[in-house]
Amino acid sequence: MYYTTVFALPLVKNKSICLPTLHEEIPAYFSIYKKLFTNEITYCFNTPEELKLFQKIYGFYPSKLSVIGMNISIPNNVGEHRGSPLQPMDFVGADHCVCPENDIAETAPYVLYIGRLDVGKKVYELIDFFLEWKNKTVNDVCLLIMGAKPTNFHSKQDVVFTGYVSDTLKYSYIQNSLFLINSSPLESFSIVIMEAWSLKKAVLVNGDSIVLKRHCERSQGGLYYTCQKSFFATMNFLMDNPTIREEMGKNGQKYVEMNYSEGVVQNKLFALVDLSNSLSNSL
76 MYYTTVFALP LVKNKSICLP TLHEEIPAYF SIYKKLFTNE ITYCFNTPEE LKLFQKIYGF
136 YPSKLSVIGM NISIPNNVGE HRGSPLQPMD FVGADHCVCP ENDIAETAPY VLYIGRLDVG
196 KKVYELIDFF LEWKNKTVND VCLLIMGAKP TNFHSKQDVV FTGYVSDTLK YSYIQNSLFL
256 INSSPLESFS IVIMEAWSLK KAVLVNGDSI VLKRHCERSQ GGLYYTCQKS FFATMNFLMD
316 NPTIREEMGK NGQKYVEMNY SEGVVQNKLF ALVDLSNSLS NSL
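Just so we're aligned, residue 76 is where the sequence shown starts under the working numbering, counting upward by one.
Mixed in with the good hints there might be a few duds.
Unchecked claim - Computed list of lysine-lysine pairs in DSS-like fashion (alpha-carbon distance at most 25 Å, straight line):
no.	residue 1	residue 2
1	K127	K110
2	K343	K88
3	K288	K127
4	K304	K196
5	K329	K288
6	K343	K288
7	K109	K88
8	K109	K90
9	K197	K224
10	K197	K304
11	K88	K127
12	K343	K304
13	K90	K139
14	K127	K343
15	K196	K288
16	K196	K275
17	K197	K209
18	K275	K245
Quick caveat, the hints were computed from the structure, so don't treat them as lab data.
Sequences are here, hints too, so could you generate the full structure?
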């Protein structure tokens, strides 16, 4: 849903592949996109749910398409970083805490959110849910939030903001977390969920995102919540059942390997290019 798509795609529609990365949002229903997306174009979708949404909005099933997703590759040396990439002093609730990259120390367990800190991602709702849950539990766990530090939200006890970190440290954060949470209701794929699964970590997602919900159902790699009550229930289940949580992480890794490894994605993409060329040449 970008300017470049609107103005460039019509110029190369017979020799291009369009990746809509579509999710349920107001711009998707703009008339300009209903005119833009035609059956002449070859489409690549991230998930079956994205394809269904495309059909719902634009009223046709493309002749040239494939559901491919993205290749997810994690460096082999992630396991060299042990312990949690936090210092104990980072848990005092100080405003805008910073986590140094060169000091990976053992500290309190944490669950992890990675992504933009905006209303659309429901991250502030996640913080509220988590703090309410903390008031009702004896679990010694923190919520770690990785992304741009908010200017209008002060850190609280048990909620830690890391700011931006390197990819290497990000993978270490994931690997040393209890599990990863994605609170966004609007997703067409979710790279970070696949990264967590690649590192054998279970996930907890917002069930209002049909994409994330179906990822969890197909993979058996995580749980989903739809309200505060179900958030409490799923948090308690994941915290109280470490063996099941570990199995979910392994299931997620298998799901990524079967669907989003380099070879799988490459073969699907090559097949889509061949399909696009053959159908275009027959016209």
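Hint check:
| no. | hint | result |
| --- | --- | --- |
| 1 | K127 <-> K110 | holds, 18 Å |
| 2 | K343 <-> K88 | holds, 20 Å |
| 3 | K288 <-> K127 | holds, 15 Å |
| 4 | K304 <-> K196 | holds, 19 Å |
| 5 | K329 <-> K288 | holds, 17 Å |
| 6 | K343 <-> K288 | holds, 24 Å |
| 7 | K109 <-> K88 | holds, 15 Å |
| 8 | K109 <-> K90 | holds, 20 Å |
| 9 | K197 <-> K224 | holds, 15 Å |
| 10 | K197 <-> K304 | holds, 16 Å |
| 11 | K88 <-> K127 | holds, 21 Å |
| 12 | K343 <-> K304 | violated, 40 Å |
| 13 | K90 <-> K139 | holds, 12 Å |
| 14 | K127 <-> K343 | holds, 19 Å |
| 15 | K196 <-> K288 | holds, 15 Å |
| 16 | K196 <-> K275 | holds, 24 Å |
| 17 | K197 <-> K209 | holds, 18 Å |
| 18 | K275 <-> K245 | holds, 15 Å |
Going through the hint list in order, the structure does not satisfy hint 12, though it satisfies all others.
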